[in-house]
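J.: Turn these sequences into a full structure, and let the hints steer you where they fit.
Protein chains in written order, with our numbering: chain B, 1 to 298; chain C, 299 to 570; chain R, 571 to 857.
Simulated from the structure, these hints should not be mistaken for lab results. Take every hint as true, because none was put in to throw you off.
What follows is a set of in silico ranges between Cβ atoms, one per label pair, in the way DEER data are often shown:
| no. | chain 1 | residue 1 | chain 2 | residue 2 | range |
| --- | --- | --- | --- | --- | --- |
| 1 | R | His708 | B | Ile22 | 17 to 25 Å |
| 2 | R | Pro658 | C | Arg402 | 32 to 40 Å |
| 3 | R | Val706 | B | Gly21 | 17 to 25 Å |
The beta-carbon is built from N, C-alpha and C at its ideal position, and this holds for glycine as well.
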Amino acid sequence: MYRFITTAFALSIPLLLVLLGIEVAVAAWPALSAFKLSFLTSSRWDAVEGVFGAAPAIYGTLVSSALALVIATPLAIGVAIFLSEFAPPWLRQPVAFLVDLLAAIPSVVYGLWGIFVLVPALREYVMPFLSDRLHLGNTPFFSGPAYGPSMLAAGLILAIMVLPYISSVTREVLMAVPRSQREAALALGATRWEMIWGAVLPYARSGIVGGILLGLGRALGETMAVTMVIGNRHEISSSLFAPGYTMASLIANEFSEATNDMHLSALMAVGAVLLLVTVIVNVIARLLVWRVERQGKA
Amino acid sequence: MTEHAVAELPVANAPIPAAEPRVAVHSLDAYFGAQRVVRGATVDFNEGQVTAIIGPSGCGKSTLLRCLNRMHETVPTARVEGEVLLDGRDIYAREVNAIQVRRRIGMVFQRPTPFPTMSIRDNVVAGLRADGRKAPSRAEQDEIAVWALQRAALWDEVKDRLRDSALALSGGQQQRLCIARALATKPRVLLLDEPTASLDPLSTQKVEELVYELRGEVTIVMVTHNMQQAARVSDRTAFMLHGELVEVAPTSRLFTTPGDERTEAYITGRFG
Amino acid sequence: MSRPPRRSIRGRRARSAVMVGLTVVASILATLPLLLILGLLIQKGASSLSWDFFTAMPKPVGETGGGMANAILGTVMLIAIASSIGLPVGIGAGLYLAEHRGTKFAFLVRFLSDVLNGLPSIVVGIFAWQFLVRPVKHFSALAGGIALAAMMIPLVTRTTEEMIRLVPASLREAALALGYPRWRTSLTIVLRTALPGIVTGALVAVARIAGETAPLLFTAFGNQFWSTSVNEPISALPIQIFTYAISPYDEWHSLAWAGALVLLALVLVISLVARFATRSRFRGGHD
Chain B
1 MYRFITTAFA
11 LSIPLLLVLL
21 GIEVAVAAWP
31 ALSAFKLSFL
41 TSSRWDAVEG
51 VFGAAPAIYG
61 TLVSSALALV
71 IATPLAIGVA
81 IFLSEFAPPW
91 LRQPVAFLVD
101 LLAAIPSVVY
111 GLWGIFVLVP
121 ALREYVMPFL
131 SDRLHLGNTP
141 FFSGPAYGPS
151 MLAAGLILAI
161 MVLPYISSVT
171 REVLMAVPRS
181 QREAALALGA
191 TRWEMIWGAV
201 LPYARSGIVG
211 GILLGLGRAL
221 GETMAVTMVI
231 GNRHEISSSL
241 FAPGYTMASL
251 IANEFSEATN
261 DMHLSALMAV
271 GAVLLLVTVI
281 VNVIARLLVW
291 RVERQGKA
Chain C
299 MTEHAVAELP
309 VANAPIPAAE
319 PRVAVHSLDA
329 YFGAQRVVRG
339 ATVDFNEGQV
349 TAIIGPSGCG
359 KSTLLRCLNR
369 MHETVPTARV
379 EGEVLLDGRD
389 IYAREVNAIQ
399 VRRRIGMVFQ
409 RPTPFPTMSI
419 RDNVVAGLRA
429 DGRKAPSRAE
439 QDEIAVWALQ
449 RAALWDEVKD
459 RLRDSALALS
469 GGQQQRLCIA
479 RALATKPRVL
489 LLDEPTASLD
499 PLSTQKVEEL
509 VYELRGEVTI
519 VMVTHNMQQA
529 ARVSDRTAFM
539 LHGELVEVAP
549 TSRLFTTPGD
559 ERTEAYITGR
569 FG
Chain R
571 MSRPPRRSIR
581 GRRARSAVMV
591 GLTVVASILA
601 TLPLLLILGL
611 LIQKGASSLS
621 WDFFTAMPKP
631 VGETGGGMAN
641 AILGTVMLIA
651 IASSIGLPVG
661 IGAGLYLAEH
671 RGTKFAFLVR
681 FLSDVLNGLP
691 SIVVGIFAWQ
701 FLVRPVKHFS
711 ALAGGIALAA
721 MMIPLVTRTT
731 EEMIRLVPAS
741 LREAALALGY
751 PRWRTSLTIV
761 LRTALPGIVT
771 GALVAVARIA
781 GETAPLLFTA
791 FGNQFWSTSV
801 NEPISALPIQ
811 IFTYAISPYD
821 EWHSLAWAGA
831 LVLLALVLVI
841 SLVARFATRS
851 RFRGGHD
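T.: Next comes the structure, spelled out in structure tokens:
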């Protein structure tokens with residue numbers, strides 16, 4: 001009896017995942033079969049005409065996540081190195097705690113802060129500074145009017161949100177690097193930084209990549225904060241100043257107002273694409289992190 | 299160790315009564331997966347006597363012990379063939395329930411295993427509550443707890459703090475607590491798996507005295523890697539090597555005039 | 571070392587010092603947003619917070635005052651529903667994984683539970699809508715609670731498994747040798763011993779779902795009125811904050827700040843309790 005119940009509970013996890021996959025896939029099927037590949041490549045999202053192409057949302061998801069990783073990764077690795085190698089013991093716990101706390105803040109609170117602090121700050125100071133003072137306004141990445149809600153805002157807020165994930169995984173894999181590796185490097189006359197760069201980081205590399213991918217998984221699926229600052233527009237623009245859309249925010253915005261079955265199905269199809277992408281990213285990330293942790297134990 | 303030194307050890311010289319076997323093992327094989335770790339063991343454990351099982355580490359002595367109360371089979375891939383008769387009944391017979399067998403046979407392990415969430419008193423009576431429905435009343439439990447703690451020579455040390463956590467006790471006290479816990483169900487057989495391996499000399503001595511005192515009432519089987527300990531407390535000693543039961547004999551005889559040259563090699567320290 | 575350092579020792583030392591300095595700068599930059607967010611939240615939230623916030627119902631646009639009593643109740647109810655499903659399933663699955671460590675099935679479940687944990691919450695939301703809301707054609711607190719439970723299960727499963735692994739195997743053996751049946755050994759000895767750690771894990775999971783919005787948008791949906799029915803749509807703090815934040819009214823914005831402060835306080839208190847109050851205690855006697 002006991003065995004039966006715990007087995008059933010354990011079984012519920014694969015079942016839940018399978019059920020989730022099937023439900024989403026079935027609901028997405030009408031849209032996917034109607035638009036086929038153009039669902040991924042077309043930029044036309046017209047609920048009135050019943051024509052749906054999710055390219056802007058896919059593009060926005062990829063760009064905002066990439067931007068977030070570009071900003072967050074060096075910071076997160078820096079924090080992790082500081083905490084595992086340099087920080088005096090009395091500082092280690094509090095700083096680690098503060099960084100972990102970033103992960104505890106609800107997404108909607110980030111969004112609120114984004115709307116009322118980050119977006120105005122971008123509009124008033126950062127965007128004019130980038131385009132006028134640094135004369136980047138002529139490049140395709142920083143052109144156009146500074147509305148505020150933008151791909152840049154989404155990327156920045158995502159960077160803050162994924163930083164604690166990347167940094168905590170990196171810290172763990174750095175801790176898993178054996179002492180002998182460090183001592184060997186120091187014995188060769190390496191400076192502290194040379195030891196880290198030459199011995200510690202290469203050893204932990206695939207674990208750190210795993211951590212970055214876990215962060216990517218978070219960024220791809222993050223919904224509320226992005227929805228509140230990205231501007232929600234179905235357009236692909238090379239400029240980070242322009243508003244955009246992500247798959248998650250598209251669903252969040254339009255789902256409860258979906259006008260007809262095809263619209264619903266199209267949103268489900270967006271969900272299915274998002275599901276597929278995040279599952280792949282997560283599986284790769286887990287495998288990488290596991291491999292390093294096992295190495296460390298062996 | 300020389301033969302001479304062994305002869306001088308204080309051997310339990312009590313005359314061996316013509317004892318009945320309380321536990322009889324017949325051509326027992328024990329496996330982990332495909333590996334046979336006990337090979338065709340046949341041995342009687344006599345009523346009221348202390349039998350020590352000695353042998354080098356990895357010889358299968360703990361596994362043999364764990365076959366006597368069906369603990370061996372709790373490990374994945376572990377398997378037993380052969381017979382173990384408790385009072386003439388095969389504990390491996392199909393209609394026999396392993397849980398019932400374990401309730402009638404007490405066991406104490408290498409390291410003390412007090413339950414950390416329970417008080418000293420609750421630890422002692424934990425075995426009485428193994429079957430939720432038929433537990434004795436609180437008053438009866440208290441009575442049994444006092445009796446078992448006295449029996450385990452621990453009562454004087456803990457009588458004022460029965461409600462404290464068992465983790466507050468020293469290692470030696472914890473081990474005697476585990477013996478009290480095993481005695482509380484009034485088993486006729488007590489299995490000790492290197493009970494002093496993790497204890498300091500003084501605690502070891504107390505446990506040995508306790509074992510010596512319990513003989514007569516309880517049939518004790520004790521695995522030990524310490525030959526002097528076997529010599530000090532046991533009536534009979536069994537020697538195991540590579541999963542095989544080489545020799546079983548009265549302790550004084552096994553240590554002075556062993557019947558098998560492998561036994562002789564072992565007790566004179568030529569290997570192991 | 572891949573290549574012999576060519577620079578002078580002084581140059582190498584300086585470079586090392588600069589890089590150490592950069593990691594310090596990174597740490598400051600990483601903690602800065604947190605301090606900014608917390609500071610502003612306390613400043614803006616506290617000024618709009620009043621007793622009414624906890625006891626009054628939302629007022630229509632244009633009227634001043636009003637509170638989020640219904641949303642607070644909703645969040646509590648949603649957490650209760652999610653916990654009553656997510657905790658037993660998660661703890662049971664964790665027990666299973668800890669007891670069947672090496673099997674292929676356990677490996678699969680462990681892996682899938684990590685995958686489930688990484689799924690976007692919005693996807694869980696549309697799944698719950700498709701599975702629970704669409705067939706009955708109305709939003710409900712129950713659907714919201716189940717969606718949150720689905721997010722809770724993998725978290726609770728993994729922490730339970732890890733905490734049970736910390737319980738020495740010798741305790742399980744000792745209980746079995748006393749004649750405890752397997753299930754009683756697991757529940758009264760192993761689970762009891764691991765309980766402080768499991769409680770911590772459960773609290774962490776509750777803290778995480780308490781702030782979730784995306785899975786609730788199309789399940790619990792939100793409700794401007796007082797509701798205690800599991801079959802009706804129900805409000806929740808995160809939903810209410812979202813609705814107010816994207817509205818054009820200043821009055822609602824300040825309520826959103828107050829709501830965010832309360833929500834964050836709730837999440838932080840639960841996390842802190844989990845971190846400090848229930849440290850598991852394995853010491854002495856066994857290792």
